[in-house]
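Undergrad: Okay, here's what each chain looks like letter by letter:
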Amino acid sequence: SSGINAEYGMTARFTSCIPQSTSMSKLLRSEEMNLVQIFLSQEASYNCIRELGELGAVQFSDLNEGVNAFSRNYVSEIRRTEEMERRLRFFAAEIEKEKLPVPADYNVPAAPNQKDLIDLEATLEQLEGETRQINANQEALLRNFYELKELKHVLKSASAFFQEGKTIQKEDLAAKRAASRFDEEAGKVSRHLSFLCGVINRSKIPVFERVLWRASRGKALLRYLDIDEVLKDPATEEEIPKSTFIVYFQGEQLKMRVKKICEGLGATTYPCKEDWEERRHTEEEVDKRLGELTNILNETKNHRFRMLTTVVSSINSWIIQVRKVKAIYYTMNKFKKTETGLLHAEGWCPKCQLNDVDRALKRGATSAGSATQPILNTVTTKRTPPTYHQTNKLTRGYQAIIDAYGVASYQEINPAIFTIITFPFLFGIMFGDIGHGFIMFVAGLYLCLKENYFLKRLKSYEEIFLMMFHGRYIIMMNGLFAVYAGFLYNDIFAKSVDIFGSAWNADLPESTKVSATGHYGLDPWPPGAQYSGDPYLFGVDPFWNLAENKLTFINSYKMKLAVILGLVQMTFGLVLSLYNYRFKGKTLDVYCTFIPQMIFLQCIIGYLVFMIFFKWFTVDARSDSQPALLIALINMFLNFAGEIPKEQHLYANQRYIQAALVVIAVVCVPWMFGAKPLVEHLYPRVRQASYQQFENEEDEEEEEEEHGTMDMMVHQGIETIEFTLGCISNTASYLRLWALSLAHAELSEVLWDMVMKAGLGLDINKYVNPIGLVIAFAFWACLTVAILIVMEGLSAFLHALRLHWVEFQKKFYLGEGYLFAPFSFTRMLNGEDDEQ
Amino acid sequence: IRVCKTTYKQWYQRRVRGMRFCGPKSSTCLFLLSVWGTIMLLLLGVFFQTESVILYSDIGYDPNRWQSAANSCYIAGGIYLVIGVISFWQKIVNDRYQALEPETTTIMF
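Read top to bottom, the protein sequences are chains G and Z.
Counting from 2, one number per residue, gives the positions in the first sequence under this note's numbering.
Counting from 782, one number per residue, gives the positions in the second sequence under this note's numbering.
Don't take each hint at face value.
Claimed, not checked - Okay, derived cross-link-like pairs now, DSSO-like style, lysine-lysine, Cα gap no bigger than 30 Å in a straight line:
| id | chain 1 | residue 1 | chain 2 | residue 2 |
| --- | --- | --- | --- | --- |
| 1 | G | K150 | G | K289 |
| 2 | Z | K806 | G | K100 |
| 3 | Z | K806 | G | K451 |
Stated by the list, open to error - With beta-carbon atoms standing in for the labels, derived distance ranges:
| id | chain 1 | residue 1 | chain 2 | residue 2 | range |
| --- | --- | --- | --- | --- | --- |
| 4 | Z | E884 | G | I772 | 35 to 43 Å |
| 5 | G | Y447 | Z | E884 | 18 to 26 Å |
| 6 | Z | I873 | G | A740 | 40 to 48 Å |
What the hints assert, rightly or not - A short, non-exhaustive set of chain G residues, derived as facing chain Z with CB atoms under 8 Å:
| id | residue |
| --- | --- |
| 7 | I96 |
| 8 | A105 |
| 9 | I316 |
| 10 | I320 |
| 11 | K496 |
| 12 | K758 |
| 13 | P771 |
| 14 | V775 |
| 15 | F778 |
Because the hints were derived from the structure by calculation, they are not lab data.
Glycine included, C-beta positions come from ideal geometry on N, C-alpha and C.
Next comes chain Z alone, as it looks inside the complex (with noise of 0.2 Å):
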């Protein structure tokens, strides 16, 4: 009877606040780190496609190269955009576990 109170606890949580597969910290990281991707990946798909000189020690004189290469940064870009929301929607449910349990500390001396 035991085990089947915790299953059902677990199945009712997951009804009501959403399933989470990252914990808080996890799914922190991931964000600020989609963000960070997403920003810097579509800035470099632009300056890739306006063929800036600064990136010419990565891809060289082959104009064929620089679209592939800012094309490959926006479907990253995009990429990371869908991480982004994906861990942003991980950490509302990981925020909504969280307030339902009441902050516990340790007794001090």
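Isolated chain G (complex conformation) (with noise of 0.2 Å):
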């Protein structure tokens, strides 16, 4: 149970989960969850909850919910893994300070049993003592050596003071005799001043100065000199800025005085022969001094670099032990003791995983060394238990997003294994070129192909890049549909490729007459002469590429393509929402909602794809009428039941069958408002019978609120204005397939135009012309992966995720689940959990 990675522990772990029943796949209904209750002796529950926590399957209930943080049973276990923790970070700093790499190990060490976790308690504690003892030693020492070259630094400009002296003293006796009143005083003046002599910081010179100045009347000199050598603050290691001084003046009075100022302003000082001699010889010992303790201070650096290096190197593996621990005490304060000395635990566990636990927990029991056997008990309840897809690493990505708007409801259709196809597939619709997509798919292949070199290495990366990572399938498939798409519009980097030959031919004979503004109409009827009346195999005609009419016909034609396949994902969306009925065996939801809705969103959107396809199929260019679509679909609403013009026709009674349309639609609406709310107020049996079917749901008696049947009036009521204004609305929110499209194929146009045919058009001269071209392409390849990729990708992802969202789970999805949260470390490591 050691070194367990975080993805390949997920799937390790599941391999137990093979579904009973073959009409039950994995990721379409979330897993069945059973709650379970557990009972642990004393001394086996720290092992079993350590190995639950690796397995990862049990999502633990607080039992003592009301009780306080402090008075829970375990409070003391996690003040010393806080203690530890504390430990670990006075190391960390420590490290910090001294820059020491740390060797990167990417295995995750186990949870420690209780033995271990004895000995690393004793083991952090020896080190910290260590640690703080040397810490110590070498701030005593430093303060000796700072101490000293101060002193050195005193020394050696006592010479020049002195120098100065011989000058003042002379001029100061004389201002003495000139000035001195009292002839007692004038005898008794000494023939020498008296002096002092120490260190201060620069920054307090002037105080120092004025402070000295006022306190002896104008009486006491002051000399200072700055001193070159850079001296550091021995517990703080700043560097402090200092000069030498030295005070002159007279008295014993003066000389307390002095001697307090100095000690105010902090500056020290140091005893001073006015002998030379002596002067030199106090040096020499300095230095001889000075040069004994340099080579105990290194020792001292020496000793602390070589314990923080052996500290080093276990730290992280230490930190997720301790980390892990904690977490085992946090879940085993959740526990309930009871009478017989026991501890109860109750929680969430998938029905596939009950064996997966049971194990586990004996394991626990064993290596415990404990009696009593652990008892896994399942429970009935009426509590909605959480929603848990059992996902793999293709999965899990498609799964992430579609949680993000809301979590499945437990057992309702999972939207997210249909995703795995139709995310990718509105993707390429929305972004559609060979070459974009190439790329995009290329870099998605490299994330996937490389994913465990970047998944032992996760928690280095920044966020941007770490989002990409998980989306890397999506990438990969999102490139892949790419392609495809760009092959339906013929679109490499804005060009076209003739692959299958193209139906449409341009060699005019030399009498062709060209229009006044120098275009030229290429006529498809009769077919053989400009159009060969065979039209190209796959995709659109290269030849559309050259034509000025592109966008007219490119855009009918995406436009329709976005109506028809709005239509069909509201529709399988609608019919998703039919086996959710049934699986709940809401029968009366089943005639009562979907049926009308069905029948309203065929009879409208159904019917204008139906347009869409006959007229593709019926009508060309040589048609004497040419409907719009839209317009009949209109006219259908506004013109009931009307004549329809003659250029506006498209099949024979089309006005009777478009009427009927409308009829059946407008029928459904009352349908869906009032049928549901009538049977249940009618048969009120009706609803208690439909809600019995489904097996492990709750009894609803004592939860359900008392449904009047005028809130079941208005919930239908909204749900019914909902999805009539939706049906139009949603199918007009598909047209972004279209809109993203265009704006790609346009952007990608402009690029080339603007920037490659300006490199390949150069004439200048057959030296520069491919200098030119190197610059070009340099330049279109750069925006080419900043715009059209990474921006437009980025667009058409977070459109197509929104048509899914919005348009798709309208239609079925409830969406009001929480998610299987299990007790697990490699969840704990990798930050998923919200406890602590």
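Put the complex together from the two separate chains, hints included.
TA: So this is what it looks like as structure tokens:
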């Protein structure tokens, strides 16, 4: 149970979850969950929870909810782990100070057992004590060192001071004789002035001077010299500029005052002899001491370095172990103590993993040497279980983007399974370029092939790259489908490729009259001359790339494609709602919600799609009537059963069929709105019966609020309005498939025309042309990647996602569940656990 | 003495592993760009030489310009091939440098 990597661990664990019944596939609906009760003996509890943490299959409920954090059972153990964490943080700070490189070790250690935990605690305590002692010693030594250095500087500058001092002495004596009023004093004036020398911070010198002047009434003299060598404060290691100073004064009183001032301003005084010989002698001694101290300091530094190096190699592993232990005790705090001395735990567990949990508990009990075996009970409950989808590395990304909008309710159909293909497909429709799609595919492929390398080092990447990495399979599929759509639109870097032979022919005879604007129209009829009659085999004919009216044609085609795709996806969503109703046994909903919704959707948008296909098959450039489909749809309602003008005629008896469709659609609205509340009002037993059919469903009598008929009608009314208005607005929303592909194609074309065309069309001389082309290509490539792939890719991703979240899921998805959050070490280490 | 030590180390590294003037990221970017450039420009040159219709909007009617555009595409493709080889060499040198530095992480709480 050691070294389980995040993603691999999750795949390895689920091998026991083979579906028992083939009708329930893994990802279609969330797993069946059971509420389990576990009874553990005290001595086995730590090991059992440790095993469960590695397994990650149980989501524990907090049985001690009202209890204060400080009065729980295992508070003292948690305090001990926090003390260990504090020690580890201390080591981290010391390592940071020394700037030691931390060797990378990607193995995840297992949580220690209780004996190893005590050993770890002792090791950390001892190491911390040693380190603190070394630090204290070093500080004291440094303090001594700097004091000796200051003394050396004082001794050096003393000679300079004394030179000055002799002249001052002479001047001062003369002044004193002149100014002295008392003969006694004049007689008692000694030939020498007293002095005091030392070292002071440079910043404090002005203050020092002023205070001395005031205190001595001008009779003390201060001289100072800056110290060149930078001295550091031993405790904080900051550099403080200092100066040596000397104060001349007379008399004992002044001496006391000066000493007090020095103390007050943090200046240190050093004894200094006037005699030059003695000073030299002291200086030599100081030098010797400094040499000894330097050696001792270096040895201390080396010792500290060696200690920290031994710590550095295991510190990450210790941190992980301590975090795991803390998680175990936090979990154990959720358990209740029974009267018999057992611990009682409760939690959710997927049904397919019950055996795994049982085995893990037995393993834990045996490793703890406990006599009593842990007991695992399944309990029936009324609470809604959490939603748990089993995913592998491919499906995890898709499940994540679906869960971002709303987690599936317990055991409803999971849209993520369909999203695996529909999302890249819609993305491709909006992106649609062979070249850009290929680059995206290659990028995704690279991330997928090198995923082991990235998975090991996940924590060392920034968030944006991590987002792209977790979506690597999505990116790869998107690129693949974009290449397919690129073949459909016949668009590679804004140019078309002619693979199957174009059906158009622009070889004009010499005598052709070109119009005044320089345009010439190619006529598709009769076939054979300019249009061969056999359309291009797959995709848009490459000739359209050169046509002036390319957009007119392509826009119509893409818009119709968007509406068709929209109808298909929305119908599919409605059908999924049918499956959901049948799974929950809500037959009333089938007849009163699903059927009218389906009929309404098909009568309006289904009919529009039918008209699109009919027009494609029957109408061409030669036809008399070229009906506009949207006008037809609008007039279906506004000009109800009215005469259809000849140019808008699509098929025989169109007015009557359209009138019938409108009538059916309008009838569906009150059906959607009123049928269900009416039936539930008249036959309340129907409501109860439909709920009983669902196996695990709780008895809804107590939990169900009093649904009056009015409440039901309001609810149904809101749903009806949402659905009917949504039919039109959601279909129109699918037109973004057209809009984004148009934007992409246009941007791509503009980029080529502005950048590459300039490079290709350079005509200066044959040496400069290639250089210009090299530069133009570099620009074009960078802008293609930055704008067309990254920016447009993100945009298409977002819009495809929105189409799924809103237009598709509104038809069937409830999304009111909560995620299964098991107690798992890998989840906690990845930061997915939001309890602590 | 310290200054001398660093330059000696650099000189030694250069002798053993090869000189590098691009970092790991820029050599990879330049390599990918030149692979793309080589393939695309050589293909474009072929399309210009065969006077493919799609490229009409870039060049126009004059047949001389088609050939000169094809030539400049080939030469530009060749230049990108050279750049590609240089950046691939730089990638190899960068890999050698990286192999010798042990991988380090940070302390993560």
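Undergrad: It remains to establish, for every hint, whether it holds in the given structure.
TA: Quick rundown of the hints versus the structure:
no., hint, result
1, G/K150 - G/K289, "12 Å, holds"
2, Z/K806 - G/K100, "25 Å, holds"
3, Z/K806 - G/K451, "17 Å, holds"
4, Z/E884 - G/I772: 35 to 43 Å, "41 Å, holds"
5, G/Y447 - Z/E884: 18 to 26 Å, "20 Å, holds"
6, Z/I873 - G/A740: 40 to 48 Å, "46 Å, holds"
7, I96, "7 Å, holds"
8, A105, "4 Å, holds"
9, I316, "6 Å, holds"
10, I320, "6 Å, holds"
11, K496, "5 Å, holds"
12, K758, "5 Å, holds"
13, P771, "4 Å, holds"
14, V775, "5 Å, holds"
15, F778, "5 Å, holds"
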